[in-house]
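On the provided structure of chain A, position chains B and C as indicated by the hints.
Residue-level listing of the chains:
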Amino acid sequence: MSKNDKQRDDSRPSVELSELTLLSQDSDIAGSPRTRDQTARVQTEAKSQGKLIRERFFRHKGALAGITLLVLVFVLAFSSIGFAGIPGWWDKEYDVLADRFNEGRPTLTLWPFSLGEHPFGQDVLGRDYFALTMRGTQTSLIIAFIVGLVAMVIGTTVGAIAGYFRGWTEAFLMRITDVVITIPTLVIAAAVAGIVAKAGIVPFALFLGVVTWTGLARLVRGEFLSLREKEFVESAKSVGASSTRIIFRHILPNTVGVIIVSTTLAISGAILLETALSYLGLGVSAPDTSLGKAINDNRSALTVRPWLFLWPGAFIIGIALAVNFIGDGLRDAFDPKQTRVKQ
Amino acid sequence: MRNKRTMSLAALSIGALMLSACGSAGGTSDSDSASSSGSDENLASTITMAISQAPTAYNGNTAATNAVYNTYVDNLTSSAFAAFAASGNLERNEDFGTYEKTSDDPLTVKYTINEDAVWSDGTPIDYDDVLLSWAAMSGTHPTGETDEETGAEADLFQASSTNGFAQLKMIEGEAGDKEFEAVFEDPYADWEAMFTTGLFMPAHIAAEQGGLSADGDGAELIDAIKNDDRDALTPVAEFWNTGWAYEADLPSLPDPALLPSSGPYKLDNAVNGTLTVVKNDKYWGEEREGQTDTMVFKTVVDEEAVQALQNGDVDVIDPSSPTVDTKTALEQIGETVTVDTGQSLTFSHVDLDQRPGAVFEDLKVRQAFAACIPRADMVDKFVTPVDPEGSVLNLHEYQPAQEDYQTVLDGAPAAQGDGVADLEKAKSLLEEAGKTEPVKVSMMFASTSQLRADQVALVKDSCDQAGFEITPQPEAEWSAKLSQPGAWDAVVFGWAGSGLVASGQSIYVTGGEQNFGGYTNEKVDSLWDDIAMNTDAEQVVPLKSELEQMLAETQYNVVLYANPNITAYSSKLEGVEQNPTQTGVTWNAYSWTKQS
Amino acid sequence: MFYFIAKRTVISFFIMLAATTLMYFLTISSGDPFEDLGETSGPEKAATIAARTAAMNLDVAPIPRYFLWLQDVGHCLVPGGISCTLGQDRTGAAVLPQLENAMGSTLRLVVVATVLALVLGVVVGIVTAIRQYSTFDYSITFVSFLLFSLPLFWLSTLLKQYLAIDLNTWLDNPQFSYLTIALIGVVAGVIWAVVVGGDRRRRLVVFAVAAVATALGLYLLLVTGWFVTPGFGVIGMLVSAAGIAVLWTALLAGFRRRRVLNAALAAAGVSFAGYLVSIQLLNDPNWLVLVALVVVLAIICYVVAGLIGGPFRAQAARIGVVIAVSMSLLIVVDRLLQAYPTLSAKAGGRPIPTTGSQSANLEGTFWEINLDYALHLILPTIALTLISFATYTRYTRASQLDVMNQDYIRTARAKGLSERTVLVKHAFRNAMIPITTLMAFDFAGVLGGAVITEQVFGWNGMGKLFVDGINAVDPGPVMAFFLVVGTAAVLFNMLADIAYAFLDPRITLS
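Residue numbers (this note's numbering), protein chains in the order written: chain A, 1 to 343; chain B, 1 to 596; chain C, 1 to 510.
The set of hints was computed from the structure by calculation and includes no laboratory data. Fair warning: there could be bad hints in the mix.
[Claimed, not checked] Listed next, the in silico DSS-like pairs over lysine-lysine satisfying Cα-Cα at most 27 Å (straight line): (1) LYS415(C) <-> LYS425(C); (2) LYS460(B) <-> LYS435(B); (3) LYS226(B) <-> LYS178(B); (4) LYS92(A) <-> LYS381(B); (5) LYS381(B) <-> LYS282(B); (6) LYS101(B) <-> LYS178(B); (7) LYS460(B) <-> LYS440(B); (8) LYS92(A) <-> LYS169(B); (9) LYS364(B) <-> LYS523(B); (10) LYS481(B) <-> LYS45(C); (11) LYS481(B) <-> LYS364(B); (12) LYS572(B) <-> LYS346(C); (13) LYS425(B) <-> LYS364(B); (14) LYS364(B) <-> LYS282(B); (15) LYS381(B) <-> LYS435(B); (16) LYS45(C) <-> LYS169(B); (17) LYS425(B) <-> LYS440(B); (18) LYS435(B) <-> LYS92(A).
The structure presented is a predicted model; accordingly, all values stated were derived computationally and were not measured.
Extracted from the complex, chain A is given alone in its bound form (with noise of 0.2 Å):
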């Protein structure tokens, strides 16, 4: 989806205009991270430099909420009923059938707050949705992770080659991005899902991942253009680095940022991607769950027996959120820019 596509488009002939007035202002700023090969006073610096990003994140309220939630449901779902055999503190399994009680309504009550046998409620065999929402978040994180680590690697590798050889290399490349690009990812992700869904969750998670990396791509390449030119990696140049040393010390970690930004936009798309091939009944299928699969499996039940609609939707949402809102500190971390307009 569009999710990737939203970052400002580097390939564009105005960029090395726009990171130069961006250039312009990181010299009135301490420790920008662009400066930080620059003198050896970074240096000295660049610990302080980890610091104070790391500082601007913890400043950014929104992030700070969206990790503690992201990491509180990761620790929930995988604690709870536990994962690869090893089991969690929650004594029902999502695959186990019992007797509905009470028609199958959720236990959960907060004020006392009690779970009860099934905080979640029953599906119609009277398995613990609690237990199958947990394993259904389970599944929805890791394909998300997958696909955001997939893209990430896919889309630096490629962007960084572009951007740092030039020439044919970098024509071959953006081309084969452009060619990707032009197919919307739910498009392209429904053709690949009808061939690798039924191969579990982890190759259908991978090749998501491999049709999701070109806006990534794009946004790297744009990094490296612009960093390549610099004075740092002149001169590193002139003392004979080598092309390796060069992209993995001295460019790359100025692109961190912008990977990292990047990557929790796919996390976030790619939980999204997955309820609506599920939506398509292309996505994983049974007797395995996902939140997606959850929701679309209980479309009907919306007035009848809500929680069943509702509890795998709040967690998607719960979890795109919070990973955009981590996306958000992390740019406003990295991008000093955006501190600064403060007046």
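Here is chains B and C on its own, set in the frame of chain A:
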């Protein structure tokens, strides 16, 4: 707090308003309620019906168009000698004409079309229409091209099925005849179900579009068929195959002049998947005359149908696989919507791979599996919450919705049972079969269906305790895998019962095309020969009792339950009645009325 | 410029070509085209397999099959010659007519949603940028992230249940208790107070005024039966005309130049007179008449405002045209609203449908038919708009902040230019540059989103074409869908580049 004062002020103002909050503003005056409480004469001119897919063609007899959503429309725009009624049995349509069996050997039936019966363009319905139907459905016009894989020869007319018509001799007659005799070379058990709604297509249109003259009551076409004139018939057949097809998703109708109707309604227009039929002013009959001016078929997928009905976008819905939630959601809407439940002829069952070497080769293993499947539990979970009358299905060829179900079941004691899982019995059967290790069963189901997944989960839950080890096998392409030996050990899916006597043959006989588990039993084969050739309805029941007894004794498969059926409609509607057959709820839509 | 466009066109062509190859092979390898025939038997099965094989060229190997499809597309590029079909679907029907049918409703949906999201997103984005780190800014940030995070069909299902069905029930007998009215007033007051901001005193005043005005307005609308027979009425139009004149003047010229304000008011007067005249003319017009009237009105306003504008002729005339167009829009909305009671009656008293893109057999005036379209658009548009809206707001905000920190803005402020001039003339224009690229991506993204929306709301559009095609492993319709979406993506990208050059004089295209 900075906002403290704001807050308290807000609270104050709310409080002040609360004091005067007992009244309300707005609302419509009640003057219009007087008009709605009017008498019977105040009928709406339009009734809108939801169908899950847009109709694909006016001619529903071809292989490509033989689909339920075409039948839904045909019920209104076509008529013939008989149709399936709410009882699941055939009912004669005396508006269209009459028929009687005049001989059993050879099977001969005399048909008389109503003198006044005409197509909606005024052309009489007569011999040429009948003869074209025979020509198209009998498979007697091979093109000479054979299919490489199957070796079957293609026919000029791509009919969906040649059952019955292939056994029928060419129908003799002259142009303009309203009477004809159908003479069968071999007896055919379902002869009554052949000349039913949707069969007859306007021959004069096909002739004209195929380059023949329609004058003289279709004499040219009749000659071409009688003389088997391939050159003349080829364009006619092409038109029959595709000329009545609609564009995908029905953005518009072809020229209505090409679509004359023989039923109480005729096609009027289509927009974006919504089809409108209006009363046929040339309809001659009285019994089935349309009661409401306009009927609209609106494409609404099943999942969205409840909300569409609640919002009044449609007046009638008939969702195909209703769940507990569907029913409760409909009931929650309140008294504006009436909900009817019943059983359909569609049923769920588990087929077993019993080829030599397969898991279920041994009868004892099949019986053990049947014993541990919690059929009664499934009915409790999936059927009775929708249809309280629902029960476990014990027969293959009859469903509880049919009158003869109980009679046949009484005659097949081996088939009887309450469907409660009997784990002890299953265990001992497995022991008898000499199975000491858990029997591994890969159970295939459609990956897109949560219902099937739930059914498999129930089977696994129970049978794993009895000595089986079930592995759920979701497949997106399950239907293509059905006919691949070894692709599955057990599979759960549905069959749609037709209410016909002979149509199930290929499911049960040795080497039958739909006999996916490789079942073979000589007695069953010979019983089917008797059934298919039998033309006396009286004899069918004992024959089928015997068949069911055999199928149960040899544990052909495990039948689970007949799927529940829901029809919901605006309470303003009168006359809606469920029909368990594939004819669908519109079977009597001509009689529906709606209070406006 | 020409060289740039030519070069981009050639590159775009090859990119599209490669993308179609990718898409084609993905589609045909996504499943078994005969999957649905597994349960069938007899001649039906053989005949269907034969027909399908012929229609989809399944007897041809995949690579030559792709070229056959390409050839079908080629026929459409060459004028004259062999008829253009875009190939056949699996039933043997030509794809092109299906695509043409599908495109109509989908484009209506996508364009309306994009325009709405763009306008709302940009306005809100700019306000949040101006009020950075205010409560309003935080609320909008939260809301847009929330919208970002909503699964489209989950939202759509909720919209149907709680917006359409419940709103219809309410519209059938529109009334609120006084308590509800008061609560709505309070909520509106809070929103306004947050938006306008300022010190506590100012917020209180804004809250009070907005709350009372909203509650009173709502009360009046209810007791006058506005929700049963809506419309602006003559007085409403007169007030609106004056309001529009003042608003546009404030935004585009400021009040320092009296003559411009006078000219704007005159244009509003002329437009109002036009409204009075049009009452009879517009009972059942068609699009041609409507457009012609708008053009005439715009010309008259241009002339009148220009004459009154005196020394500021050009500026005044431009504002005159803007006012004329705004008023025309208002008149159209008014007429549509006036058509509501009759249309509602024809829809059985439940005007907002949950399914379909138009009513069947609707016979009515131009206004009724278009209102019917609009009412069918409401739900899917809301669903699509809400999600794009979030993107536009975030980006406009970031972009506007970016620009407002530039030195030239500081310079403009230092020169003593009014805040209005700085924001509208200097900042806004430059902030829009990145948004053009965003639009290019978003449009294609929304087309993708339409796949879901159409399914939920029962529209027979391109999304359905695609989903049905994918499910049937039928490349014809899938590729037709992709041709449109891909071309839109490529084209919009190119347009964005050109718009860049147009908006930012420092860029030259080469």
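Exercise. For which of the previously enumerated hints does the structure constitute a violation, in increasing order of number?
Worked result: 5, 8, 14, 15, 18
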